[in-house]
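Trainee: Sequence:
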Amino acid sequence: MELPYRESWDKPVLCDSLVILPLDELHDSGYHLMDFVACKNFEPICRVSGCSDVLNIDGIGGYGEDLDIFRRLVQAKRWSIDCLKESGLLRLFSGSNYEIKVGCALSNLEIYGVTLESVDE
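This note's numbering applies: residue 23 is where the sequence shown begins, and numbers increase by one.
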């Protein structure tokens, strides 16, 4: 919890996994808030939200950032969740060819599986 937040709530963060931190505070929706720690090579980078009660994988609706239907149909991200050995917290990660792009810190935190090539576009 002492890890700093990202520089700006509206700038994307690239990482290879997210650790989900349940918070002891309720959102207006009545659900608990969550924070997320962005990690790269098993090292924490920063916290990215603290205000979200929902995590949308590949954006709201799961359609991804690129709404081109042909690209959407061929890009399986292979999302996985495991439980960390020491803390028992949940870790979300994607296939080995993907990084996680974390969107703006809002009530719904959107994340996307992206390749480094697509980030440069």
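Please note: incorrect hints may appear among the correct ones.
[What the hints assert, rightly or not] Straight line, CA to CA, 20 angstroms or less: simulated SDA-like cross-link-like pairs of lysine to any residue: (1) LYS62 x SER129; (2) LYS123 x SER51; (3) LYS123 x CYS61; (4) LYS123 x SER30; (5) LYS123 x HIS54; (6) LYS107 x CYS73; (7) LYS62 x PHE115; (8) LYS62 x TRP101; (9) LYS123 x LYS107; (10) LYS123 x ASP50; (11) LYS33 x LYS62.
[As the list claims (entries may be wrong)] Computed Cβ-Cβ distance ranges for the label pairs, DEER-style: (12) GLU87 x LYS107: 27 to 35 angstroms; (13) MET23 x GLU87: 25 to 33 angstroms; (14) PRO44 x GLU65: 31 to 39 angstroms; (15) LYS33 x ASN78: 24 to 32 angstroms; (16) PRO44 x CYS68: 16 to 24 angstroms; (17) GLU65 x THR137: 19 to 27 angstroms; (18) MET23 x ARG100: 28 to 36 angstroms.
It is worth saying that the hints were derived from the structure and are not from the lab.
Predicted, not measured: the structure shown is a model, and the values here were computed from it.
Glycine included, C-beta positions come from ideal geometry on N, C-alpha and C.
Trainee: Decide, hint by hint, whether the structure agrees.
Mentor: We went through each hint and held it up to the structure:
1. Taken as a hint, the LYS62 and SER129 pair is broken in the structure, with Cα atoms around 24 angstroms apart against an allowance of 20 angstroms.
2. Pair hint LYS123 plus SER51 does not hold up; C-alpha atoms about 25 angstroms apart against a cutoff of 20 angstroms.
3. Distance restraint check for LYS123 and CYS61: the Cα-Cα separation of roughly 12 angstroms lies within the 20 angstroms cut-off, and the hinted pair is therefore satisfied.
4. Between LYS123 and SER30, the direct Cα distance comes to roughly 14 angstroms. Compliance with the 20 angstroms bound is thereby established for this hinted pair.
5. Restraint check for LYS123 and HIS54: the C-alpha separation of about 23 angstroms exceeds 20 angstroms, so the hint is violated.
6. In summary, the hint linking LYS107 to CYS73 is not supported, as the alpha carbons are separated by about 26 angstroms, beyond the 20 angstroms threshold.
7. With a CA separation close to 11 angstroms, the supplied pair LYS62 and PHE115 stays within the 20 angstroms bound.
8. Our distance criterion of 20 angstroms between C-alpha atoms is met by LYS62 and TRP101, whose separation comes to about 16 angstroms.
9. The suggested pairing of LYS123 with LYS107 is violated, with an alpha-carbon distance near 25 angstroms, which exceeds 20 angstroms.
10. Annotation: proposed proximity of LYS123 to ASP50 is violated, straight-line Cα distance about 26 angstroms (limit 20 angstroms).
11. Only pairs whose Cα atoms come within 20 angstroms are accepted, and LYS33 paired with LYS62 is accepted, the gap being roughly 17 angstroms.
12. Between GLU87 and LYS107 the CB atoms are about 32 angstroms apart, so this pair conforms to the stated range of 27 to 35 angstroms.
13. Checking the proposed 25 to 33 angstroms range against MET23 and GLU87 shows it holds: the Cβ atoms sit about 30 angstroms from each other.
14. At roughly 22 angstroms, the beta carbons of PRO44 and GLU65 sit outside the given window of 31 to 39 angstroms.
15. A beta carbon spacing of about 18 angstroms between LYS33 and ASN78 contradicts the range 24 to 32 angstroms that was offered as a hint.
16. For PRO44 and CYS68, the Cβ-Cβ distance of about 18 angstroms falls inside the hinted range of 16 to 24 angstroms, so the restraint holds.
17. For GLU65 and THR137, the hinted distance range of 19 to 27 angstroms is satisfied, since their beta carbons lie about 21 angstroms from each other.
18. Judged by the Cβ atoms, the range 28 to 36 angstroms given for MET23 and ARG100 holds: they are separated by roughly 30 angstroms.
Against the hints set out earlier in the document, violations occur for numbers 1, 2, 5, 6, 9, 10, 14, 15.
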